[in-house]
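Keeping their order, the protein sequence lines are chains A and B.
Using this note's numbering, you'd call the opening residue of the first sequence number 6 and step up by one each time.
Using this note's numbering, you'd call the opening residue of the second sequence number 3 and step up by one each time.
Calculated from the structure, these hints are not laboratory results.
Please note that the accuracy of each hint is not assured.
The calculated BS3-like cross-link candidates involving lysine-lysine, where the alpha carbons are at most 25 Å apart (straight line), are [stated by the list, open to error]:
(1) A:147 - B:295
(2) B:423 - B:565
(3) B:743 - B:144
(4) B:355 - B:423
(5) B:423 - B:82
(6) A:147 - B:743
(7) B:406 - B:463
(8) B:380 - A:148
(9) B:104 - B:91
(10) A:148 - B:295
(11) B:635 - B:743
(12) B:91 - B:423
Residues on chain A that point at chain B, a partial pick, calculated with CB under 8 Å [to be verified]:
(13) 59
(14) 71
(15) 72
(16) 180
(17) 207
(18) 208
(19) 253
(20) 257
(21) 270
(22) 309
(23) 310
(24) 313
(25) 314
(26) 317
(27) 320
Reference excerpt, derived from the structure (chain A facing chain B, CB under 10 Å, subset only) [to be verified]:
(28) 27
(29) 46
(30) 47
(31) 48
(32) 51
(33) 55
(34) 138
(35) 196
(36) 200
(37) 206
(38) 210
(39) 211
(40) 242
A virtual CB, placed ideally from N, CA and C, is assigned to each residue, including glycine.
Now for the letters of each chain:
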Amino acid sequence: MYIKNIGLGIACSILFATCIEPLELEADQEFFSLIVDGFITNEPGPHSIRLTEVGNFASLRDGGLNQWEENAQVYITDQDGNVTTLIEGDFGFYSTPSTFKAEFGNSYTLEIIRSHGERYLSNSQTLPNEGPVIDSLLMSFKKLPSSDPVAFESGIEIFSQFQDPAEEDNFYLWTINREIFQADGCFFSQPVEQLKTLSDARQDGEIITEKIMFLQDDGRRFQSKIYVDVSQYSVSSEAFEFHRLVESQLSVEGDIFDPPVGIISSNIIRDPNQGSIPDPDHPGETLNVDPNDIVFGYFGVYNVAKKGSFIPLEIIEEKQRAIGNSKPCNELLFNLDGEPEIFKTGG
Amino acid sequence: MKLFDLLILLFVVHLSFAQTQRMIPIGYHSADGLKEQAPPPYEVSGRVIDVATGEPLVGANIYIERQEIGTSTDESGAFKLILYTGFYKLRVSSTGYETDTKTINVLGSGKINFLLTDEITELDEVIIRESNTNVINREVGKEVLSISSIKELPPIGGEADVLKSLALLPGVIIAGEASSGFNVRGGGADQNLILMDGAPLYNPSHMFGFFSAFNPNIIRDVSLYKGAIPSNYGGRGSSVVDITYKKGNFDHWNGDVTLGMVSSKFSAGGPIIRDKISVMIGGRGSYVNWLLKQAGDADIHNSRASFYDGNVLLSYAINPRNEIEYSLYQSDDSFRFAGDTSYQWQNRAQVIKWTSTLSDQLSVRVSAIQSDYEATIKDNTRFTDFDLESGILDNQLGLDFTLKPNERHTLKMGGQMKWIKVDPGALITGEESTLAPEDIMSEKAQESGLFFQHNFEISEKIDISYGIRWSNFRLLGPNSLNSYNPELQRSIENKIGQTDFSNNDLVKKYSGIEPRLALNYKLNQDLSLKAGYNRMNQYIHQVSNTTSISPVDIWKLSDPFIKPEIIDQYSLGLFKSLDQGQIEASIEGYYKDWDNVVDYKDGADLFLNDHLETELLTGDGKSYGFEVFVKKKDSRFNGWVSYTFSRSLRKIEGPFKLETVNRGEWYPSNFDKPHNFSMVTRYRFGAYTTMSTVLTVSTGRPLTTPGGKWTYQGQVLGAFNERNGGRIPDYHRLDVSLQFKWPSPHKLLAGQWTLAVYNIYGRENAFSVFFKDTFGAPPQPFRVSVIGAPFPSLSYEITF
């Protein structure tokens, strides 16, 4: 929350001739660990877990792709031993059946067996108690500081307002599922890759109004109509801690008082009891399990509350100049075929 | 060259001639002839004093040429020599002052004082031959920088910087430009005890470290103890920086004014009641906003910054044997970011001390000290607006005795009692804010220390200084102590209870014996071997995972979870004087061993945290290295070269994975910079112009670098798996300054211009490196350079 403000504020100590430039730097020893990205919720599925590998710190063209994991076996097991098998899809996505959803009081464990036989296990994750619903999404126009009286950056801040349950530790995670907007006669539905966390430690039992997103006016999305779809997850303290570190790392922008980046521990480990696996390069031989094999990512079990809202464009005090587009709609990224239902019904 | 030699010869002849014409008898029989003179040897004592200010000069060298013996002045500017009857030529020198030579005829015990004047440019063609001070100096691990030598270094923004000047000495490094924190022999920034006239300062910086908190115009000198620290100092593990004020002259007024680009300052001192009460005042204020408005970056363009500081020193000479001094230091910083956040912090340090000379051998000093540091962060973000106030209040009483029974012995003993209160923070929320007000419980403690120190000249060849300090720390209530399940890692989820303590209840007690030792063995007149040892216990810790001191830093007292840091240091060095004292050279090695060094969990949340112990880790530390130092003391061309090899390592191996760093192996601390080189040169052109250069080169500091990237929820992150496994690029920088004094009879025009260029070749040194996935480019490292371009400044100083 305000940690970020402090970080930004202290950044101003770069007073005189500060510059930020790309740097050639020898990376730490390369490794190709497993990445687990996904969670299940109390809503009906399908829920997806994506498995990829750590990639080079380079562009896609230079081999910087996070290669997805194929032919893995992925299972979710509850505390009663009920096993749900996830079905492999494209690009490393493994999905539960559409009927699957997390149940209150249940705990779940993720098991992954990679194509070469390495076995990974998450620790047990319990679905948190039912979380608060979002009472309303508040919007506020924000003009960013500028040294130029004419050119400036601006956008809409989105706040989630909800009643925090009293006398219990609650941890929240927000994502925007999608934004739907109309620009230049085309309709778009695109993901918004922002992530926000909050602990209620200092607001326990209060009506909380928390800034969760900032949508910058890019000259397109605020042209005529825009709808945002927000998910508010109630998560465990461990999941909160993981996402807080992710959020912290994403916020590093070169402040001279930036804290050193941290190692973000996963809740998934290599099965220490596995012993050895067949050596894929030498048939008939085995490889010992490396207990220090690091896994990145997190398997979460969350309670979700969703809310969507149109952004009232009249609150935009100063609009950015619209960016025109000469291409046909169907050649544009995230284009929708026709007017979305939500625009027709008005939400 | 022959002309040069001739000039030297003429000077020496002139000096000899002049001195033989003024023979000063010492210890002659009194007029009534009744006083019987004791048999030789005789004690010749006296003081060395700044003629302009009347201040005693500490560390001035008294040297007798023919006999090749010498000594140096103590803290009160006093010296003693044991001499037999006869003629002696005494030469007295001190950095930044003209050398004075007197010939004395010793007939018995007696006194002689030396009044030194500021070194001025008329010395143009004269070589000053100082004594071999590094060889005869008894103190081990101590460096003294006079303010005149600090002011000759190229300033940043026109401001001579006391603390950054220290970083040019061997064994001292700084993290980067925007940092007042410095590291001594591998220690943390919080392990430096920074004393302003004896009062500790908790944030010795202005504007987040661009300027240090000290007005150089009011400072007499700066002493850095980095090894064999005398037992009258305690409480911090690595070093002591003792900054002393100039004293107001008891006879006449003088002062100076300096006008700079981003700040101006002044100092003035003189008698309030002649020969009875003197005052020294100083002030400094900034006007940096015009510079901020030039910035292209919107955030900086719309930011506002200011600082000021002021000093007062009142001296009351009750009689020749008793003096009372009161000093006040007050500073204020204010910074408003372009957005919604502003920062303010204040230091106030007050010292009152009474010094009484009970006899020729015994003196006593009683002191009362208060240091008050407060920091406020204001955030006006809608719905989450707040004020966060934090601070430290440090009150101390001290009593110490100095006994000098004779020339060969000096004994110091005494004690200090400190009451310290740390307020981690109170969150005061605004009317619209949805944040709940919160007040993290203060910590308070009593820390006391008793010390004994004996400096003993065993023989002409051997000096020993040994001491012992007993420190005692009592953490007192009110306090709430959390307890955790010992079977699980320490975290808020594993808290199993809480114990509450009432006001002044004892929460936890620690004590320790801290031996100190310094040994100087003169192998011959030009070569000495020095060894040192000290143990330091530190009961207060700076809890910050940034590299610089800032208002968001938190100070934490030792408690049952965070035990005192115990640091043992061993040092051994060889000190050589060459070319009749013209060149000093030394090589010194050291090894440090730490217990209970404090580090942080990955991504520790330290802010307004009432269970801070869950975010901190403790372990072992060690540092080792060697320092090579060569100094040339010629008046026309002088300077020094310093090289330090230094490693600073830590090892944290807890019972749980999250309480272990790098699998429990040794890893570099955040300020581990193995190679550090600096070269300082000063050259006088004629009578009025001096050019100075400073070159610094060092290894980049450690950095946690990613071995790849991973994507999570559509966002790209660095895959970090080894703390401090990499390094930022090496650091190097050249600063140049030109000082010019206009030869005008009018005081206003006869000031000194200083034109300086910091980072003259515009090296873009990386202050930090971060990894980012930016649109249109692959994820890659970026370098933040704080002053990545030549930064010129101009200032003008006049004295009156």
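Okay, the hints, checked on the actual structure:
no. : hint          : verdict
1   : A:147 - B:295 : holds, 22 Å
2   : B:423 - B:565 : holds, 18 Å
3   : B:743 - B:144 : violated, 32 Å
4   : B:355 - B:423 : holds, 22 Å
5   : B:423 - B:82  : violated, 43 Å
6   : A:147 - B:743 : violated, 54 Å
7   : B:406 - B:463 : holds, 20 Å
8   : B:380 - A:148 : holds, 20 Å
9   : B:104 - B:91  : holds, 6 Å
10  : A:148 - B:295 : holds, 19 Å
11  : B:635 - B:743 : holds, 22 Å
12  : B:91 - B:423  : violated, 55 Å
13  : 59            : holds, 4 Å
14  : 71            : holds, 5 Å
15  : 72            : violated, 11 Å
16  : 180           : holds, 7 Å
17  : 207           : holds, 5 Å
18  : 208           : holds, 5 Å
19  : 253           : holds, 6 Å
20  : 257           : holds, 5 Å
21  : 270           : holds, 6 Å
22  : 309           : violated, 14 Å
23  : 310           : violated, 18 Å
24  : 313           : violated, 19 Å
25  : 314           : violated, 17 Å
26  : 317           : violated, 17 Å
27  : 320           : violated, 13 Å
28  : 27            : holds, 6 Å
29  : 46            : violated, 14 Å
30  : 47            : violated, 19 Å
31  : 48            : violated, 17 Å
32  : 51            : violated, 17 Å
33  : 55            : holds, 9 Å
34  : 138           : violated, 17 Å
35  : 196           : holds, 6 Å
36  : 200           : holds, 6 Å
37  : 206           : holds, 9 Å
38  : 210           : holds, 9 Å
39  : 211           : holds, 6 Å
40  : 242           : holds, 6 Å
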